[in-house]
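Full structure from sequences and hints, please.
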Amino acid sequence: MSQLSHAAEHPPTTTGLDHRKMVMWAFLGSDCLFFGSLIATYLLYKGKSLVGPYPADVFNIPYTSVSAFVLLMSSLTMVLALAAIQRGDQRGLRIWLAATALLGAIFIGGQYFEFITFYHNGLGLTTNLFGTTFYVLTGFHGAHVTFGIIILLSFLVMSFRGRVAPEQHLNIELAGLYWHFVDVVWIVIFTVIYLVEAPNIV
Amino acid sequence: MAAITGTVPRWLQRPSGYGGLWSWVVTVDHKRIGVLYGITSVAFFFVGGIEALIIRLQLAGPGNSVVSPEVYSQLFSMHALTMIFLAIMPLSSAFFNIVIPLQIGARDVAFPRLNALSYWVYLFGGLLLNAGWFFGGSPGSGWFAYAPLTSSTFDPSAGMDYYVMGLLMLGIASMAAAFNFVVTIINMRAPGMSLMRMPVFTWMTFVTSLLLATAMPVITVALIQLGFDRMLGTHFFDATAGGLPILWQHLFWVFGHPEVYILILPAMGIVSEVLPTFSRKPLFGYPFIVFSGIFIGFMGWAVWSHHMFTVGLGPVANAAFTVSTLLIAVPTGVKVFNWIGTLWNGSIEYKTPMLFSLGFIALFIIGGLSGVTHASPPADAQQQDTYYIVGHIHYVLFGGSIFGLFSGIYYWFPKVTGRLLGEGLGKLHFWTMFIGMNVAFAPMHWVGLDGMPRRIYTYESSMGWDFWNLVSTVGAAVVALSMLVFLWNFFVSVRKTELDAGPDPWDARTLEWSMSSPPPHYNFAQIPTVHGRDAFWDQKYAEGPDGIPTPIPSGGASNVEEHVNIQMPGLSYFPIITALGLALTFSGLLVHLAVVAVGVLVAFFGAYGWAFEPAEEAEEGH
Numbered sequence: 000m001s002q003l004s005h006a007a008e009h010p011p012t013t014t015g016l017d018h019r020k021m022v023m024w025a026f027l028g029s030d031c032l033f034f035g036s037l038i039a040t041y042l043l044y045k046g047k048s049l050v051g052p053y054p055a056d057v058f059n060i061p062y063t064s065v066s067a068f069v070l071l072m073s074s075l076t077m078v079l080a081l082a083a084i085q086r087g088d089q090r091g092l093r094i095w096l097a098a099t100a101l102l103g104a105i106f107i108g109g110q111y112f113e114f115i116t117f118y119h120n121g122l123g124l125t126t127n128l129f130g131t132t133f134y135v136l137t138g139f140h141g142a143h144v145t146f147g148i149i150i151l152l153s154f155l156v157m158s159f160r161g162r163v164a165p166e167q168h169l170n171i172e173l174a175g176l177y178w179h180f181v182d183v184v185w186i187v188i189f190t191v192i193y194l195v196e197a198p199n200i201v
Numbered sequence: 000m001a002a003i004t005g006t007v008p009r010w011l012q013r014p015s016g017y018g019g020l021w022s023w024v025v026t027v028d029h030k031r032i033g034v035l036y037g038i039t040s041v042a043f044f045f046v047g048g049i050e051a052l053i054i055r056l057q058l059a060g061p062g063n064s065v066v067s068p069e070v071y072s073q074l075f076s077m078h079a080l081t082m083i084f085l086a087i088m089p090l091s092s093a094f095f096n097i098v099i100p101l102q103i104g105a106r107d108v109a110f111p112r113l114n115a116l117s118y119w120v121y122l123f124g125g126l127l128l129n130a131g132w133f134f135g136g137s138p139g140s141g142w143f144a145y146a147p148l149t150s151s152t153f154d155p156s157a158g159m160d161y162y163v164m165g166l167l168m169l170g171i172a173s174m175a176a177a178f179n180f181v182v183t184i185i186n187m188r189a190p191g192m193s194l195m196r197m198p199v200f201t202w203m204t205f206v207t208s209l210l211l212a213t214a215m216p217v218i219t220v221a222l223i224q225l226g227f228d229r230m231l232g233t234h235f236f237d238a239t240a241g242g243l244p245i246l247w248q249h250l251f252w253v254f255g256h257p258e259v260y261i262l263i264l265p266a267m268g269i270v271s272e273v274l275p276t277f278s279r280k281p282l283f284g285y286p287f288i289v290f291s292g293i294f295i296g297f298m299g300w301a302v303w304s305h306h307m308f309t310v311g312l313g314p315v316a317n318a319a320f321t322v323s324t325l326l327i328a329v330p331t332g333v334k335v336f337n338w339i340g341t342l343w344n345g346s347i348e349y350k351t352p353m354l355f356s357l358g359f360i361a362l363f364i365i366g367g368l369s370g371v372t373h374a375s376p377p378a379d380a381q382q383q384d385t386y387y388i389v390g391h392i393h394y395v396l397f398g399g400s401i402f403g404l405f406s407g408i409y410y411w412f413p414k415v416t417g418r419l420l421g422e423g424l425g426k427l428h429f430w431t432m433f434i435g436m437n438v439a440f441a442p443m444h445w446v447g448l449d450g451m452p453r454r455i456y457t458y459e460s461s462m463g464w465d466f467w468n469l470v471s472t473v474g475a476a477v478v479a480l481s482m483l484v485f486l487w488n489f490f491v492s493v494r495k496t497e498l499d500a501g502p503d504p505w506d507a508r509t510l511e512w513s514m515s516s517p518p519p520h521y522n523f524a525q526i527p528t529v530h531g532r533d534a535f536w537d538q539k540y541a542e543g544p545d546g547i548p549t550p551i552p553s554g555g556a557s558n559v560e561e562h563v564n565i566q567m568p569g570l571s572y573f574p575i576i577t578a579l580g581l582a583l584t585f586s587g588l589l590v591h592l593a594v595v596a597v598g599v600l601v602a603f604f605g606a607y608g609w610a611f612e613p614a615e616e617a618e619e620g621h
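So the protein sequences, as listed, match chains A and B.
Every letter in the first sequence is one number past the one before it in numbering that gives the first Met the number 0, and letter 19, counting from 1, is 18.
Every letter in the second sequence is one number past the one before it in numbering that gives the first Met the number 0, and letter 158, counting from 1, is 157.
None of these hints come from the bench; they were simulated from the model.
Cβ atoms here follow ideal geometry from the backbone N, Cα and C, with glycine treated the same way.
Please note that the accuracy of each hint is not assured.
To be verified - Not the full set, but computed from the structure, chain B residues with beta-carbon under 10 Å of chain A:
| hint | residue |
| --- | --- |
| 1 | Ala177 |
| 2 | Phe178 |
| 3 | Ile185 |
| 4 | Asn186 |
| 5 | Met187 |
| 6 | Pro190 |
| 7 | Met192 |
| 8 | Thr213 |
| 9 | Thr219 |
| 10 | Val220 |
| 11 | Asp228 |
| 12 | Gly232 |
| 13 | Asp237 |
| 14 | Thr239 |
| 15 | Leu250 |
| 16 | Phe603 |
This is the structure we're talking about:
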């Protein structure tokens, strides 16, 4: 009976979840298949390059671990940004949004520097299968992070113009969902590319 | 209102009004977007049909030279691409758009502007894919475009670039639409419409949308890899650098087999609506049909390598994919038996939509059975790349999908336009199409088993295939004739001044028939409350003491347009601006990076304008 009376109230959505939140989950589910296909390609070609440089020749694992750590920490600041707007703290929102974008930018800067270093060590996009699969996979991940930074900075500007009301915290939550997803994907990519040892079949 | 006028330049202000051609460009109404999808996809269907007719002319006799081998390759490739991506999928989309919100008791889809974006990206993507006919040649390596045969080394023509960019755009359109319909169906059902009370067409749309959302990213990655190989010189499919051709095949068919069910499930949904209506019985075995559809969608992911039996994957892989392929025939068979069960003891009316649905069942059984024969690798090794396969896919896609979709056109046309399509011309259309299609495609099985290879532009008279090829061509001409009958019927009907359909011309069962035809732009003056399956039927009929439905006096649909003030999503420029930006970006990649830069800027401008535009029209101040 209680269900019936609830139905009569015309709930805004059938499940009670906001449309936008649901579509974000649908998009992220779809994006899993996107990264899944790229990662599968990387795994298929792991150790299959006919000419060097090979991963062991160029990787600097401590360096990339630090930048991975930076990206993971940005998930923490993202959570703090959402918590700030949920309690109506505009100043906190701005600080943590800026921190998240900054950490993301450090990660992207690190990736840029890494690409440049690899390139100087002889690994171009077209050098071998390793270069092809490495740059395309990490490059598309970097593009996702960059897109996330643009969104975070947009919210930062909106907050300064007083256009992020506390009751609109869902917007920040959606940006957060996207941001966390991109971080989680990096955990997988980092493990697959840097941590799993591959035989070098020449 | 004044504040907004002050800050936004005049040409960017929200468009208003529902009149004129321009209102179609800025529309976000699901019914109008559905009509746009319908008209565009039928236009592309005719383009694909003309390509097919030229192919059949070339093959009508041995040693013909109607077209050159190069043009022939482009014709069969573009015929497949056009029919799959530009005709069947968007025509299904047209029905998703028109029917789903009405069936579930909603006023629109969850994201009306995203819906408009899907349509415009589809239109521009379709034009880009076809641009090769005018600029530098069309893709000529089959719709599957096996790399490395399609790498720039072996196919330097511009055609493959149009293929990559066109399909990337169409993928974006499909994914956006899929997200939209997943959310709409989960989240916008009328009170009381639980999942197991949803009409079967809604269910099949849901499963199809999930398949689109998961399959499209895979082809997107494959296309990106192919595009990088062609434009930047990467080595994804370059055997000289150690790349594996089989990577493309796996990625393509991991997408390609779910795609097959993306093409057929909407038609199955339509048939599951039409049969009960014209048998005047509830759908037999509703849960079996629903769960079969879900199972088909799920298993669609586990059968892709049956497209690759002759590649040499080894006996274990071949055996595993044989088993899964045989397994997927089971839920399809369950559906067929339930449809027959629906007809059993019904008071059947042979109206045109019903004829097309019955045609669907008959032809789809034939196509399904020939499909099961190549679930077996030894048999498939014989049939691979022969006309037997061409016969099979045309029985399932033409006899299946197209018949189902025409059933939908005849069924829902009165709802959209308020006018009935002519019954006499409709029946003439059905019988010419039914006969023509069997004459065209049945002989392909014989010449195929006799060894006639597909995708070869001609054959020698000594092979003994002359007669049946001529028969096929005659059949194709009959099908073309049937399409002219349809066009004639269509134009006669839309030009009728009298709205002769009424709200519920078929005495149908689902909620879309409970409002006037065409529906008011807000759909439901009052959102209905659903108490069971066949929600509208229950409003019209009560079960009498002997189990015979008895009309409820006040039950039927209301044709009175109530004047209610309902806040609807406002018109918007931004979907088409964003779509134009994407079109510039993707076509710019083939021309000049400056065009890409402009395209990205336009797309960002569109997206930002969109984000800051309120979804609903601002209320007028007093």
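_Closest C-beta approach of B/Thr219 to chain A relative to 10 Å, hint status_ = At 6 Å from the nearest chain A Cβ, B/Thr219 passes the 10 Å test, so the hint holds.
*Is the hint on B/Phe603 kept, meaning its closest Cβ partner in chain A is under 10 Å away?*
OK, holds: B/Phe603 within 10 Å of chain A, min 9 Å.
*Let me know if the C-beta of B/Phe178 comes in closer than 10 Å to any C-beta of chain A, holds or violated.*
Check passed: Cβ of B/Phe178 comes within 5 Å of chain A, closer than 10 Å.
*For the hint on B/Asp228, does the least C-beta distance to chain A fall short of 10 Å?*
holds (8 Å)
*Does the CB of B/Ile185 sit less than 10 Å away from some CB of chain A?*
The hint holds - B/Ile185 has a Cβ within 10 Å of chain A, the shortest such distance being about 6 Å.
_Take the shortest C-beta to C-beta distance between B/Ala177 and chain A; is it under 10 Å?_
holds (8 Å)
*Go through the hint on B/Thr213 and say holds or violated, using the shortest Cβ distance to chain A against 10 Å.*
Constraint on B/Thr213 satisfied, holds at 5 Å.
*Does the CB of B/Asn186 sit less than 10 Å away from some CB of chain A?*
holds (4 Å)
*Is the hint on B/Leu250 kept, meaning its closest Cβ partner in chain A is under 10 Å away?*
Cβ of B/Leu250 sits 6 Å from chain A, so the hint holds.
*asked:* A closest beta-carbon separation below 10 Å is what the hint needs, so does B/Pro190 meet it against chain A?
replied: Check passed: Cβ of B/Pro190 comes within 4 Å of chain A, closer than 10 Å.
_Hint status (Cβ of B/Thr239 to nearest Cβ of chain A, threshold 10 Å)_ = Holds, about 8 Å.
*Verify the interface restraint on B/Met192: the C-beta must sit less than 10 Å from at least one C-beta of chain A.*
holds (8 Å)
The earlier numbered hints are all upheld by this structure, with none contradicted.
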